[in-house]
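A.B. asks: Residue numbers (our numbering), protein chains in the order written: chain A, 672 to 1278; chain B, 342 to 522; chain C, 85 to 700.
These aren't lab readings, by the way, just hints derived from the structure by calculation.
All values reported here derive from a predicted model rather than from experimental measurement.
Take the hints with a grain of salt, since some may be wrong.
[As the list claims (entries may be wrong)] Computed cross-link-like contacts, SDA-like style, restricted to lysine to any residue with a CA-CA straight-line distance of at most 20 Å:
id, chain 1, residue 1, chain 2, residue 2
1, A, K895, B, A517
2, C, K679, C, L597
3, C, K569, B, F482
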Amino acid sequence: MIAPKEITLTIDGKPCNGTQGQTILQVAGANGIEIPTLCYLKHLSPWGGCRMCIVEIPDSPKVVPSCATPAADGSTVVTNSQRLEGLRRLTLELLFSERNHVCPICPMNKGDCDLQQQGYKFGIDSIRYPYLYPAMPIDVSGRYFGLDHNRCILCTRCVRACDEIEGVHTLDIGNRGVKNRIVVDLNVTFGVSTTCTSCGACVAACPTGALFDKAAAFHGPLNKCRSVRTTCTECPVGCGLVVYTKDNRVVDVFGDVESPVNQGHLCRRGRYETWAEPRQRILQPRVRRNGKLVPTSWDDAVRTVKTLMSASNDWQNALLVSPRVTTETIDALHTIGVRFDRVGMFVADKEAALCTTPEFSADSMQRLEDTDAIIVIGANPSRTHGVIASKIRTAVRKRGAKLVILHSRRSDLDAYADVSAPVISLERKFWKQIGDVLANVKRPVLIYGPAAMTTVGITIMDRLIKALGSNGDGGELLAAIQLPTSTNSLALATAGVEPVEDVSTWLGAQPLNFLHIVASDEPDGGARLLKEPRVRAMLEQIDCVVLQASYESELTEVAKVVLPAAIWCEKNGTVTNFEGRSLPVRAAVPLHGEAREDGAILETVFA
Amino acid sequence: MSDKPKIKVATAWLGGCSGCHMSFLDLDERLIELAKLVEFTASPITDVKEIPQVDVGIVEGAVCNDENERVLRTMRSRCKVLVALGDCALTGNIPALRNQQALADVLERGYVETESTQAGVTPSAPEVPKLLAKVRPIQEFVNVDAYIPGCPPDADAIWYAVTELLAGRKPEWTPANMRYD
Amino acid sequence: MIRTHILVCTGTGCTSGGSLATRDALLAELKKRGLDNEIEVIETGCMGRCDLGPVSLVHPDGTFYKNVVAADVPKLVEEHFLKGRPYTKLLPQDPQTHNVVATQADFTFFNKQVRIVRDNCGVIDPENIEEYIARDGYTALGKALIEMKPEQVVAEIKASGLRGRGGAGFPTGRKWEIMRQAPEFPKYVVCNADEGDPGAFMNRSVLEGDPHGVLEGMAIGAYAMGSNRGFIYIRAEYGLAVKRLHIAIEQAYKHGLLGKNIFETGFDFDVEVRIGAGAFVCGEETALMRSVEGRRGQPQPRPPFPAQRGLWGKPTNINNVETWATIRPIILRGAKWFASIGTEKTKGTKVFCLAGKINNTGVAELPFGTTLREMIFDVGGGIPDGKKFKAVQTGGPSGGVIPEQHLDIPVDYESLQKLGSIMGSGGMVVMDEDSCMVDVARFFMEFCCEESCGKCPPCRVGTRQMLTILERICNGQGEPDDIRKLEDLAAMVKDTSLCGLGQTAPNPVLTTLRYFRDEYMAHIMEKRCPARVCRELLHFEIDQAACKGCSICSRACPVQTIHKVDGQKKFYITTERCIHCGACYDACRFDAVIKTSPGRIRVAKPEEELVAGGVP
């Protein structure tokens, strides 16, 4: 690869170095010269619409937007002059006069409003032109965020984020001139949008209070909040998070732009479900007395468990953990595991087969960035791994990558696929199509999930690997990415913990006297264990069931002892994502109530 | 105490919450210092209604009704320097939110529809000031010489502006001393 | 044996005037009289005098008939074709001498014109490729493909000095050269037929009258620039032009003049028509390209220029209809010939649309360097009703007004720009003494405000704020500071806007302020509209001496404010209740209603909206 040509230009009298292809704004930024912007956002294509980043270049009577103008070698650029200052000031005045930009009652008056910042910077204390006061609607029909058109400056950062990052293009602009408005789909509301994934990329991109998180609204300035960088533990992708807290409560969650995994993008699960959904926490240890769970102290609860466990030496003891636990908790399992006859982890549907051959696929996210063909088998990323789904969509829509999907559930990704089969099948007509579609690909990526681990699925994958591995003129071999459903299941499997998919069989293998369930912060409190109807009866047969969980569920009904566990934002430790990266989980708030971290509980109870 | 004649100041409270005047009182002990230099004439603080000829007129609030407009124009004609105090005077701010609705709907909502009004009627007595179709900031009616942004401006911002004005300068706002909220 | 042709204009203007019925009547009448073997009826494109439509031209004698409706046809056939004398009732009059004009050659409107682009318009049947071929059609393409290398074609266009007719006047040859040198493939050529200026219809008249001329120019350009695919972007409102383009393209394909291996030279060229949805901004080339791609038509910053990154990211060349139509004559007759017409910097001819307060409304092709005075008073026949000329708006809503003292400048890109206006598409809207220049500025600003795409704040909000100020000046609520506010905004919108729409939108305001500042001052300071146009500033009363008491004014008044005083015969207007609509003024047959703008110091009533604004 040829290194891009070095260029030198003079910006505001200062010699600045850059490379061919960079914009004036990028070169200026790299050389410590700040140019005001509004519609510009790193990672998004330049728009050149807000006219704040205008600069003067020689031989041009017109000013040009530095965000969209390539830097020319040897040129002279002026970013700050009285004329530019005046033009920018007037642009701001016009923006302020256009709609309602009343800060005191803005849900996003958080100190990170770009318009407000620019207003302060230019000392805008009055507007010479009449306010237009249009009556624009406010769309609060979406589950997690609202859109107040009155605060919109039409910078289209949301439109571009929706299109270029999440890849769904739910948002665009409707109408003309001052009647311009951001539209959802074909001018519907968020609540009925069929394409919006609620990923929140638009909200994160919005420079004003036009798009706002409902749960984060009116929590005051973000710069007065504590912020913690941590990792999302909702799925095995392991996206970086920045969690804002105030008074020991989570008040907003953003993607971590510096994360190598997600570069700031998140999905609905990571960005909202963890904190903007009402869930009932378990905050105190409880012990069943006379058939009723009654609150008690930790000491009493621990004593109760210990007593019950040592009731008889003949007792069969078992430990069942959720795959969401941190790697440190897994380490703790090693020491305490000896106390149990059996240790298992309750994985998601069909995930057990995947966990028997755990494989980490290094740099998968990077591979998805420049692949020219993606084959998805037995996985449903748009439901479970939103950030991967966004990578697939953008690969298809922006780079023209081919997409083949074989799975048993339909998803919005089918619409982008060249071949989309509802079943994982060897039918000849599919093979013909798939062969045609993948005929000339150079850097294919295979993503396979739990449902691919059937005889047919494995045969298909073998065939694909054979076919694509020998594809063309020494093209790279197919990259196969294993995509489990549960957060840390691959790490647990690697550590030798037995994956349990069929709970009733596992429970029925040998009669149990004592079962300790670590449901951790499973959103359903571990209730999915009860999905098979006979499991409940089997659990009731066990002399003692101890439940360690964060959220209330039906499972507590069969427990003798309930222990409160920490949730995602209270934990410290690491998780290993599907690429094999060890990612930090950091507590953003102190432990709530009497909750304790999973590892600590296990050590206290069983050490 | 110097013999220098005191600067005469009048303040007016148009359509606003009076928070800016409250914030003015937050000058606390600086008020004593200020009192040495200026004389307050008509003001909601002194409860003097008739505005005399003054050097500085300070106006809080947006122009919502004909009385506001009359007071504003009187103030302008009787002061040398007119200062807009707070966001309502500067931008219309919260009172201007009603501009999104038709005036009749606003009155209907306020006097008839609400839970606390039974058989309510919109007041129509001639002595009640008439609402303007749209609430507007004061600079859309008269020339304004200086602005103090904030909702309300905090006492430090007011003090800065007042001292600058007393020194014969127009206050310059920077990110360090400026707030819209 | 055909001895005579009668050409019936079937352009949009004449068609709406009933020219199709005229054609049918002519065919029937000629048949009835047994003349159908001697006299052929030919439908043509626009002849340029839409205001006289339906118009017809008799060949070879050149008699030009106006307002030929079907009912006049029997008499016309009898007089002209049987008795052999012109049917004087349908002959036009010279607006200044009032003499009857017998032939097209005697008509000043026509005889000053130099027809290069519109050579075939109004002469051939645009729906018949044979007629086009008979007039050397596609010869230029053949010459270019067989005798010339692509570089030579580019060189020829460069040497001709042709400049883009879309408005900016960029040298076409240079543009082609940049495109030719672009290293990427495929390349696209585009014909910009998104003519959106109010009162401009030159592109439409060319497309309706001679669609093959445009296609041939595009094919030559594609060959010269190394492209094999072209698009014609035309607005949906131009139904007839779209239809004729489709017919022309189909015929050209059938004759092997488009498609694969044209003239057996191995050169392929395909053309597609793309219909625009009527957004003015889509005439801007970057917005046009996005629209062709099927996206929202909004301009993009340049650079990168279309020749670097255009349609689907590939090099693209966009030229206006007129530019494309000029290619064929240049190739056919040579660059030297073309360069001999026009001014030093601007060569060739331009099609202008004369509209507004002018006698000869229509399309006229004139060489660059013609003065505005010649255009308006010779070709245009002057101002109707003996009124005084006040100003001419050139270049559509993005142009500026030019007052009487500058009428003698020779028109080209530079001279108009120097006066604060632009060439634009070539529209000329003439205004007489009854036009209020503040109102004119308001009208054009309203257009720009409506048509702003909204991408950049200077254009989106700036035009809206300028309109707000202009509206309040027209309503008599202007303040002395308003002129400075307008000027500040106009300068800012001009400098800061992203595309040509915003950059030129302030021109009408700036030029009216430059040449007619006194009218603004009269509106603001005296609350008076000197041209008696701005409704809020008018005053109506009835001249008692002239009033005949006929009551027509009273009946016309929508607010019933004109009454008789008891016992008297004459009518009075109750001024307090008058809404200044002017219905009485228009209704009165005795000039008894007097319209004045006396001026007054207006005191704003508290309950009324003090400043216009707000978006409905």
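A.B. asks: None of the hints should be skipped; say for each whether it holds.
C.D. replies: These are the hints, each one checked on the structure:
A hinted pair counts as satisfied when its Cα atoms are at most 20 Å apart, and K895(A) with A517(B) qualifies at roughly 16 Å. Simply put, K679(C) and L597(C) have alpha-carbon atoms about 25 Å apart, too far for the 20 Å limit, and the pair is violated. Proximity of K569(C) to F482(B) is assessed by CA-CA distance (about 15 Å); at most 20 Å being required, the pair is judged to hold.
In summary, the structure is inconsistent with hint 2 from the numbered list given earlier, while agreeing with all the others.
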